[in-house]
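*Asks:* Protein chains in written order, with our numbering: chain A, 1 to 144; chain B, 1001 to 1502; chain C, 2001 to 2321.
Hints were generated in silico from the structure; no laboratory data involved.
What you are looking at is a predicted structure, and each value in this text was computed from that prediction instead of being measured.
Beta carbons are placed, not taken as given, at the ideal position from N, Cα and C, and that holds for glycine.
Some hints could be false.
Stated by the list, open to error - Only some residues are given here: those of chain B computed to face chain C with a beta carbon under 7 angstroms:
no., residue
1, R1060
2, R1162
3, K1176
4, Y1277
As the list claims (entries may be wrong) - 20 angstroms max Cα-Cα, derived EDC-like pairs, lysine to aspartate or glutamate:
no., chain 1, residue 1, chain 2, residue 2
5, C, K2212, A, E75
6, B, K1333, B, D1250
7, B, K1433, B, D1026
8, B, K1018, C, D2142
9, B, K1147, C, E2028
10, C, K2137, B, D1025
Chain by chain, the residues run as shown.
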Amino acid sequence: MSFQPKIVGFLCNWCSYAGADLAGTSRIHYPPNVRVIRVMCSARIDPTFVLKALQEGADGVLICGCHPGDCHYTEGNYKAMRRFPLLKRMLASFGIEDARVRLEWVSASEGQRFADIVSEMTEKIRALGPSTIKAKLNTDRVER
Amino acid sequence: MTRKISIDPITRLEGHGKIEIFLNDDGSVHDTFFQIPELRGFERFVMGRPIEELPRIMTRICGVCPASHHMASAKAVDGCFGKEVPPLAHKLRDMYYHAHYIHSHIAHFYALAAPDFVCGPDADPAVRNILGVVAKVGLEIGGRVIKSRAQAQTIQLLLGGRTTHLVWCVPGGVTKGLTKEELEQIRPMVKDLFDFTQFSLALFKDVVLSNPGYVDLILNGPYTLDVQNMGLVDENNAPNFYDGHVRVVDFKGKEICKYAPENYADYIHEHVEPWSYLKFPYLRKRGWKGFVEGIDSSLYCATPLSRLNVADRMATPRAQEAYEEMFSILGEKPCRALMAAHWARLVEMVQNAEMLQRYCDDPEITGDRFRVVPKQITGEGVGIVEAMRGTLTHHYTCDKNGICTSANLIVGTTNNNAPIHMVTKKAAQYLIKPGQEPTEGILNMIEMAFRAFDPCYSCATHSLPGRMPLDVVIYKAGEFYRRFRRDGRSGSGPEPVGETTG
Amino acid sequence: MGTHKLQIALYWGAACGGCDVAVLDTNEFILDVAAVADIRLWPIAVDGKFRDIEQLPDRELDIAFFNGAVRNSENEQIAKLLREKSKLMVAVGSCAHLGGIPGLANLTTKDRILSTVYLHNPSIEPGNQTLPLTEWKTPAGDVHIPLFYRRVYRLKDVVEVDYFLPGCPPAPDQVKAAILVLVSGNLPPKGSVVGASDRAVCDDCRREKKEKKIKRFYRPWEIIQDPTQCLMDQGILCAGSATRSGCGVRCPNTGQGCRGCYGPLPNVLDQGAKFLSALTSIIDSKDPREIEQILNGIPDFAAIAYRFGVPASLLERDVRL
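I would like the entire structure built from these sequences, with the hints used as guidance.
*Replies:* Set out below in structure tokens:
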């Protein structure tokens, strides 16, 4: 049994959660590795959530929001757009590979796109292997 | 079979260390090891940081002379930016640095050195501290010591905005200048500090030089080493703590080399031993020869005494008088008696105070051209200053975006690593007599060997309670043999605690 | 006879001595402390040795003040010894609280550190490819030095900590305030931060703050900052918005941005994440390419966001702590 990545997915309610829903109702096959957490807007994603997910053992984190210009709250996804690149640079300093954390724009009609993103991300992370963060941090078992 | 005595931790210095003494069966000293158990790795973890952040990071090497690291780092960073620094910025930095020296030298002399001389090297440890010093010299003097150090700290605060962990130096200069109001607050303090330097020299003569036992200890005790001397000098071969060339002179007075900071790598290398985390610098051209003294030794000291040993004169008149007096009484220059560093420290303070006075009288000191925006990143720089306890070198390289690609440091006390290791052994061999159990006082006198070097820190001159617990455990062939314990609270001398085996 | 004197210890892990100097910078106050307390261990100033502490009954010490990070086996060993022998354990300074500057080593590796310091270093004696070893046999006997750990830890990662006194170093007036609280008998809740406020540095900073719209971030040397205006308004990085106050705003008052030494505000899980949110919220752009270009003005964000707290980051600390 090959390694099954655990990916936490933060999906905004109006576009990307609906898009993921559509992938399901359209019977599109895609890997079951993303655990979806629905938020109202991609702006809700405090960078702390991403770090917390990684600390708790997630092998990857996916954030999905509405396409720029289509945000249900007008400007929310721009906040995510500004935070995310700096978060990626910061994660790189901590040794977190680029493929593990992604921000994607998925509209309510893009069921196939959602499925493709999840498939691609799952395979890339499968190739990278499990995240070493959780094991590293357990101060009981770690070899000093 | 060997017995081992551990002095752990060594105390009244900045940093961690321990001394292991191995005894032969007859009780004579077989060997000693002066081990430094700590490492943090600054040279590696600053790589990848923007080079202008290094002066703010490198101060954390030492919280007692952080300005030494800040200045050396700033000068290395200056080099990475084409050395575009207005002259006023250098003056302000130098002015700050003199105040920093005074605060540190006051602290070391009165809190760390004075107890061993004022109370006595083998005095009851319960009183062998600043409290005991104050008891002997009086509260008025104690109060004056506190006030003087506080004045030196205040001068630094007014000039550079912070005392511990300065953030003041940037590529292109410093972030704030000196206002006229600030200068007028500093001026009377400088006058007080100069008077205090004269008072301190007088006290030294009173307490140390008029005591034949101490003079004998300084000149004829085990605390001498025939190794070379290093210090930073200006174009007249007078000490300059902030800038200049590094001069190395052998213990007979002959100059071995004099190099500009950029060329340090041609002159100094470092040796590693597996039993200590601290490296051992030596003169590159002579090669590592081991822990040996002598005219061909590649080892050198870098202390206040070394600085005066390599100088031909002081930079200011009253300091010059004090320097001449010191060497005439010591009877030789260069002087190899390491304890004389305590005296040299006080002589240096006179120059610090006179230089502060000069800056106060400099009409340009309150100017506003203390910073420019540098126009180019040139990628490499070496900054050398005299830290209070030795020549300090910071060498950096950075890429075209000003991101640090390498950092090499040779830190003040590191220069003295081999000499301290060697003189500790000499002291142990001299003081531990076969057939006699070493007393607590003996062990303290072994510790006095490293204290002459003022290993890197400035402990404020405040009262400390005279509770000095001591425990010496003696092992025979790896098994417990005997324990001497002095309970800190009783204040009584060491006594065997009735646990002995075999 | 006489009142019981407090028994205290002050010790340092991977430290610089600045926190000990901060204690002494309380000037005359330390005399008051000495009048009511016996200092049983304080290597910078007092001649107490480890074995004196080892022989104490458990919890004999009233307070142990521990500054410095946990970098090697000796730091951990003495932290545990003091915890065992003390009623209260106080983490003093950024290193004990958050990991401190030594914590930056967690962004690299132990092997790289040892290599840079002892092996691939231009100053090392040619041919002397030697590393320090925890045990070494000499003709006279065996000598030992502590194990250099793979990572830097906070004090609370190895022992239970009762109080935290933050700062690099803690401001002397805060040290005094904290000591007074701790000896008062009126102790705050366990785990509290003492000697610092619950406000951000921005709240105490006297610079004028306006609405921020940043098209470009500047390195501290690229422009001459206006001392009356908020540094972030000028595009100069300052982590004050994500940092506890109590330091007296000493860095912005000297023309330099805050780097977060007093640690995160109350209830914040990750200081760097908070600064990231604050900083990106002022970027004046909706174009991804332009945003990337603006962010190019911030090299090495991780080491500004976590200058004093890499080991305290969510990515570096045990989930349970």
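*Asks:* The structure should be examined with respect to each hint, and the outcome stated for every one.
*Replies:* These are the hints, each one checked on the structure:
no.	hint	in the structure
1	R1060	4 angstroms, holds
2	R1162	5 angstroms, holds
3	K1176	6 angstroms, holds
4	Y1277	5 angstroms, holds
5	K2212/C <-> E75/A	17 angstroms, holds
6	K1333/B <-> D1250/B	11 angstroms, holds
7	K1433/B <-> D1026/B	9 angstroms, holds
8	K1018/B <-> D2142/C	14 angstroms, holds
9	K1147/B <-> E2028/C	10 angstroms, holds
10	K2137/C <-> D1025/B	19 angstroms, holds
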